[in-house]
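Put chains B and C on the given structure of chain A with help from the hints.
Residue numbers (my numbering), protein chains in the order written: chain A, 1 to 639; chain B, 1 to 294; chain C, 1 to 403.
Check each hint, because a few of them may be wrong.
Derived DSS-like pairs (lysine-lysine); straight-line CA-CA distance at most 27 angstroms [unchecked claim]:
{"hint": "1", "chain 1": "C", "residue 1": "K113", "chain 2": "C", "residue 2": "K147"}
{"hint": "2", "chain 1": "A", "residue 1": "K275", "chain 2": "C", "residue 2": "K161"}
{"hint": "3", "chain 1": "B", "residue 1": "K199", "chain 2": "A", "residue 2": "K444"}
If we take Cβ atoms under 10 angstroms as the criterion, some of the chain B residues that face chain C in the derived model are [claimed, not checked]:
{"hint": "4", "residue": "M125"}
{"hint": "5", "residue": "Q148"}
{"hint": "6", "residue": "L150"}
{"hint": "7", "residue": "P183"}
{"hint": "8", "residue": "A231"}
{"hint": "9", "residue": "T233"}
{"hint": "10", "residue": "K237"}
{"hint": "11", "residue": "V245"}
{"hint": "12", "residue": "G246"}
It should be emphasised that the hints constitute simulated quantities derived from the structure, not laboratory data. Note that the coordinates shown come from a computational prediction; the quantities given were computed from them, not determined experimentally. Even for Gly, the Cβ is constructed at its ideal location relative to N, Cα and C.
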Amino acid sequence: MNERPPASRTRFGVGLLLGLVVALGGGWALLRGARAQLEDDWITRRAIVAANALGALVGQAPDDAAVRKAVTAWQETHPPGTRVRVIRGTTLEASTEPADTGEKAAPRRLAREEKPLYDQAQRLRAGVDTNREGGAPKPELEVEREGGARRVAVPLEADGKVTGMVHVLVPADASTGRRSPLQAVLLLFGAMLLYVLGAWLLPPRAALLAVASTALFCLAAAFFVGGELRALGLAERDGQRALAGTVAAEVDRTRTLTGAATLDGGAWDTDLTRKPRGLITGAGAIDREKGEAEAQEIRRRALRSLMALGALGFVLLVVVGFGGANRVGRALVSNRQAYAYIAPAIIGTTLLVFFPFFYGIALSFTDSNIYNTNLPLSELWVGLRNYGTILGDFGVVRRAADGHWVFNYLNFYWTFLFTVIWTITNVVWGVSFGLLLALVLNTKGLALRPIYRVLLILPWAMPNYITALIWKGMFHRQFGVVNQVLAIFGFEPLSWFDRPFTSFLTALATNGWLSFPFMMVVSLGALQSIPADLYEAARVDGASRWQQFRAITLPSLKPALVPAVILSVVWTFNMFNIIYLVTAGEPGGSTEILITQAYKYAFQRYQYGYAAAYATIIFAILLVYGTIQNRVTRATEAL
Amino acid sequence: MAGSHREERTPHWILHAFLVATVIYTVYPVLWVITIALSGKQSLAIADLPADPTKLDRARAVLPWPTRFAFSNFISVMTDQPFARWMLNSAIVAIGATIVGVALSCTAAYAFSRFKFPGRRFGMMSFLVSQMFPGTLTLIPLYIIIVQWLGLGSTLSGLVIVYATTSIPFSVWMLKGYFDTIPKELEEAAVMEGAGPGKIFWSIVLPLAKPAIAITALFSFMTGWNEFIQAATFMDKEDMYTAPVGLRFFVGGFQQQWGYFAAGSIIVSIPVVLLFLYLQKYLVSGLTAGSVKG
Amino acid sequence: MRNLLVVLAAVVGVVVPGTAAAQAKLVAWHSYRGGEKSAFEKVVAAYNARPDTKIKVDPLAVPFDAFADKISAAVPRGKGPDIFIYAQDRMGGWVEAGNTVEPIDFYVDDALKGRFIPTTVEALTYRGNLYGLPLDYKVIALIHNKKLLKTPPKTTGELVKVAQGLTSKGAGKFGLAWSYGDFYYVASLLNGFGGGVFDKSTRPTMNAPENVKALELLVKWEKAGFMPAEPSSALITSLFNEEKAPMVFSGPWFLGEVASGIDYGVAPLPTIDEAGGKPMRPWMTVEGVFVSAQSQHKDAAFEFAKYVTGAEAGKVMALEGRQSPALKAVYDDPKVQADPVLSAFRKQVEVAVPMPNVAEMTMMWSPATTALNKVNAGNSPKEAMDVAQKALQKDVDALRKKK
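So here's chain A without its partners, still in its complex pose:
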């Protein structure tokens, strides 16, 4: 009993230390990366301004000779590391690269190794054309990093048509200093020192320690965050000023080169689709509002990440402080044999299943599609919008003009309902028929049992691609076997794939045939675990066959059958092959199940984020089912 007080002092101390390391250390590292990124972005923006100015200058040049003059003049008025290349079609029109002199002087045809430049010019042209037509937005200029320098490519326009590309290398300019970690380290030490002092002085009660460590943590974090955000704001303001300076300089130089009276330099500060960002006015001054808004945005994003880290650190503090880590450690050690047994299986499953799974969930919160795969996921974030669109659409059925019901088969709820019906009917049939066959085949003294067993697993043994298509062929209206049999008995042949219900029956027949062998084998195996003398005793007691079944067979089968049933439900719910091969969703998409819809959204409509949301919803539905089923049957408990 008297051991606990010193332990909890250390525990809170360790917790506070870990928490501060995560929050302050992690925060500092995060912000360092963010600051480097911001600086990079400013350099890029300044380079884009220079490139756009150059592009405008060259675009004005009336002929090739004028282009070369303009380029040379540009080179002279810019820092020595600048390099310019103008490409039109497969010709290098002008170049200030030192290698392009003498034999290789412009104008000349591009060499084989310069194909990437040609392709780049084509990409920019395609981008400009697409954006003009209103298609999915595409970049109209491209930026590559080379250390601190930037290679920017802008399209060259003449008479409204893109004829080539201007490619400029903007050398690196001086970078701002790095912020030292001194403040973070000082705060960490200060907080720990205060804690040690307090722990020594204060009575060692858990509540007091908790309050003290929490207070110290929050104070340290608050100081840290405040300082960092202020530094960020200052850096942002510096960046804006530098940008304005660059714009003013470029406007000046271009004016001297072309003699134009007024130039809107602010329009040169654009994003990748050459849309002006509006931060700099035409005169080269900073738009107050826009500047403030941009700075706010940066600060907000930084604050969000810092809060997340702070929360994490706080959680660590609480968990370690109240002994959670200690408990986990002890459990690991005492059960190490069990964990060793299950480790390989769990690791394999985690890696191969959960990694794609978490990627899918992340994708579901974005608007990722085939046109924006090169953008980072953070820019495509739409939160819960995909889920809202899927789950919020209740328009399953409406009345058409002539009074009959029109179903919207693409609707989630219709597909969900159909999938549920599909799953229930299939599993009920598969389990019942499989169990029945197993019981029959388990009869003592029945002849020819091995032969029956082998013949009855044939549906499972054959590749289901061909058997599914044979079943589909059996339902052909004119020549299908099923209709022939109907005709023999005097019925009218049916057009099976014309109505949702009959189409559903074809898929049910096929999957019913395919699925019962597996359940039969599982049931057969499960029946073996029931000792025969139980039945003997029951018979002696006068129990009927049905009573024996209910009292002995069913409960004994539960541990083996219930997992098989749950997994069968999960597999049938996601049974892609059969629906795809037999009905293909006909008629009109009414026999699609959720998984085939998700597949179509991903691979036909190329809406990856939406399809990922669909798949996550499927998963959630099955998870709810699995949890409920487990609770109801207590399958995870031993007998």
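Okay, now just chains B and C, sitting in the frame of chain A:
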């Protein structure tokens, strides 16, 4: 005693009638596959109806009897491409996946069944949960893991890993359920005699769990034997293809050669049937001896 | 110690020459089988045997069903082939996904482009850039049983008359058998009337009046009763082979399934009287030789592409592989000219329309097939295509909206 004469026993002929009807229902589409394979032609046979079909004509059309017996499809399948090599690859992969899968599942299921440790229920649920995420959308992430990160593209071991992992969840559940029915008293008796955990596992628990192991072995084998898209995507060399990949050559794209595909399907199904014949006896062995009383 | 040195020396002696002998190779993926496969391998062998071939080509057959997935998975990650041969329908998607196909305009001058049938080059051009050299094309034409039908009809009016004359429902005979439940085939009517699925800016035009008129013509044909119900490709093949259907609209893939003993002829599709005599314009599937964007030997890959789409290789692929090469010069060869099938398809391709290669094509099939099924089941073409238009427009817009 006197009561045993009053016992209800369904006459065997009723059971046989039921089984025969079921067998006909089961085997009928398979007979069509055999008919197409033996027909020597390539079309997915449609019922051949003369003008104004009578009931007899219809009945004949419904019967999957080949009009001619030709083995040309079978011969072409085996000789026109390295089908035997592909089947060997499939066998290696499936057997490897079975051994790895069953071994890992047995140990894990034993732990889940016999030990009580924190995270036990969560672990079992996570196996179940891992089956719930739709698999058709995971081809590219799997490719990244197996081929890019692990560098196991075009190797049989890459496929073995994927297939074994796919079959583990069901196997663990099945085996755990079965292990749960084996009375702990047997093991406790063995512990008292001084046997170690390994010996207990091998000589007491495993023999009693033969049916479950047979089921999981069959299931793991089938998972590895019939899988197409992952094998086709991970393999970049023709002699590394597996049998399902080889089969798909016959029916993709514009031209469908159903005769070859049917013959190939039959050839591919034979090992599975043989495996089942072998595993049957384990499937029906069990606790009939009442070994608890001891 | 000495033993160790010996072993080391042996290992080095084996490994070093081995690595020195390991040369660069160009890997080429294709999905050919049978005759086409052996013809292609012959072409590759001839290319490898040439003295000025710097890097040899190693072909690999991949099942068609897995081809596109394999390319999408392997190529962007640097693990795919250097060259691959595939149809143009997935090209738009690959270009948009990036890092898959390499644009080849830089290597191609107008002279090279001019060697091919112009529409085949158009089929492999996306947003003004050429991404592959056309290898061969496939179009549907009118295939007829010469015994049952000596001269094939030239106009749709003739077609209806001839077909009705040769139909006898009771005997299971139909004048014309074709997959009119498959939108790919019916597109020949839609294009013939001047309609189509996308306009130049990739906006859907499903409910254009020309499309509706084409479908109304199809309904007229169905009501006339000379086509079988629920036409699956297996049914059409068996009807033709049992001489119960003298006319079939299908492509070169069908010819491989024709029973021996049937004397068949290939003729151009009839002109449409209802459209003022304009010809039926089937969709052209063009197989292109693509260079992978991640290839380490792009120049050499392009050299091979040039060879395999050249005249020498084209003759082998045409005469032995039974392909229809896209190179114009192949058809000047007397052996090719004497081949009635190749000449017939060459004539047909003059009026064929390249199937759109835009990424949005994959989302067109579903609403189009649904609309076609509705029309075949008796619903109004205009309504069905209106619904299809709305569905397709919704999917296209979903990709274009900015956040």
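Verification of the supplied hints:
1. C:K113 <-> C:K147: 42 angstroms, violated
2. A:K275 <-> C:K161: Violated, at roughly 62 angstroms.
3. B:K199 <-> A:K444: Violated - the C-alpha atoms of K444 (chain A) and K199 (chain B) are around 33 angstroms apart, more than 27 angstroms.
4. M125: With Cβ-Cβ at 31 angstroms, over 10 angstroms, it is violated.
5. Q148: Nearest chain C Cβ about 6 angstroms off; hint holds.
6. L150: At about 13 angstroms, which exceeds the 10 angstroms cut-off, the nearest Cβ of chain C leaves the hint on L150 (chain B) violated.
7. P183: 49 angstroms, violated
8. A231: 9 angstroms, holds
9. T233: 5 angstroms, holds
10. K237: With a minimum Cβ separation of about 7 angstroms from chain C (threshold 10 angstroms), the hint on K237 (chain B) holds.
11. V245: 6 angstroms, holds
12. G246: Holds, because the Cβ-Cβ distance from G246 (chain B) to chain C comes to roughly 8 angstroms (cut-off 10 angstroms).
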